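Colleague: Sequence:
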Amino acid sequence: MTSKTDPLHTRDPSLAPRLPLPWPLTLIVTWFGVGLSPVAPGTVGSLAALPFAWIIATQGAPWMLLPAAAVVFLIGWWASDAYCRLAGQKDPGRIVIDEVAAQWITLSVAPPEVVPYLVGFVLFRIFDMLKPWPVSWADRRIGGGFGVMIDDVVAAVYSTGLLWLFLTVLWI
Numbered sequence: 001m002t003s004k005t006d007p008l009h010t011r012d013p014s015l016a017p018r019l020p021l022p023w024p025l026t027l028i029v030t031w032f033g034v035g036l037s038p039v040a041p042g043t044v045g046s047l048a049a050l051p052f053a054w055i056i057a058t059q060g061a062p063w064m065l066l067p068a069a070a071v072v073f074l075i076g077w078w079a080s081d082a083y084c085r086l087a088g089q090k091d092p093g094r095i096v097i098d099e100v101a102a103q104w105i106t107l108s109v110a111p112p113e114v115v116p117y118l119v120g121f122v123l124f125r126i127f128d129m130l131k132p133w134p135v136s137w138a139d140r141r142i143g144g145g146f147g148v149m150i151d152d153v154v155a156a157v158y159s160t161g162l163l164w165l166f167l168t169v170l171w172i
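Note that full-length UniProt numbering has the sequence shown beginning at 1, numbered continuously upward.
Be a bit skeptical, because a hint or two may be false.
Once the Cα atoms are required to be at most 25 Å apart in a straight line, the calculated SDA-like pairs of lysine to any residue come out as [unchecked claim]:
1. K131 with I55
2. K131 with A61
3. K90 with L36
Cβ-Cβ distance ranges computed for the label pairs, FRET-style [to be verified]:
4. M64 with P134: 40 to 48 Å
5. Q59 with R85: 19 to 27 Å
6. V39 with G88: 20 to 28 Å
7. G143 with L165: 15 to 23 Å
8. G88 with W164: 36 to 44 Å
9. E113 with G144: 32 to 40 Å
10. A61 with V114: 12 to 20 Å
11. L170 with G143: 18 to 26 Å
12. R141 with I55: 19 to 27 Å
13. I75 with W137: 23 to 31 Å
14. P51 with W23: 32 to 40 Å
15. T168 with G33: 23 to 31 Å
16. V71 with W164: 37 to 45 Å
17. G88 with W63: 34 to 42 Å
These aren't lab readings, by the way, just hints derived from the structure by calculation.
Small disclaimer: the values here were computed from a predicted structure and weren't measured.
Virtual Cβ for every residue (Gly too), placed ideally from N, Cα, C.
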């Protein structure tokens with residue numbers, strides 16, 4: 001039996017901004033607080049994914065970003081679902097773990113170098129913001145934590161393909 005003040009079972013959106021940062025769910029969905037940025041949290045979240053991607057790619061290989069992104073996706077799905085229920089919102093802007101998974105997918109085809117990472121970052125941000133079909137469809141039609149995560153993954157498919165094309169044809 002849950003009480004009406006149980007934060008996991010409320011739909012009061014006013015609670016979301018007051019969730020304490022050390023609360024594990026908040027740390028996860030905001031990527032350690034990055035999503036609380038008052039300016040462009042999605043862009044800041046994508047930027048925050050880059051150093052982690054670089055570490056994974058240099059200590060292993062760029063393709064290792066794919067299984068890492070899969071793990072982040074699964075954790076993000078669970079955490080975003082709980083956070084959205086708690087906040088009573090479909091996709092609060094402070095959730096940026098979706099940007100992290102998608103940015104890693106994009107960079108999985110790139111060598112860990114400044115120019116390819118910069119191009120991958122910009123391409124993902126463009127597709128994430130413009131939301132071409134089916135990104136826009138996923139954004140509008142799929143709810144819950146899966147919906148929060150999947151539209152960015154679909155945007156990452158576009159940005160990954162274009163980045164791969166740039167890397168193989170233009171040799172950036």
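Colleague: Of the hints given before, which are not true for this structure?
Modeller: 1, 2, 4, 5, 7, 11, 12, 14, 15 and 16
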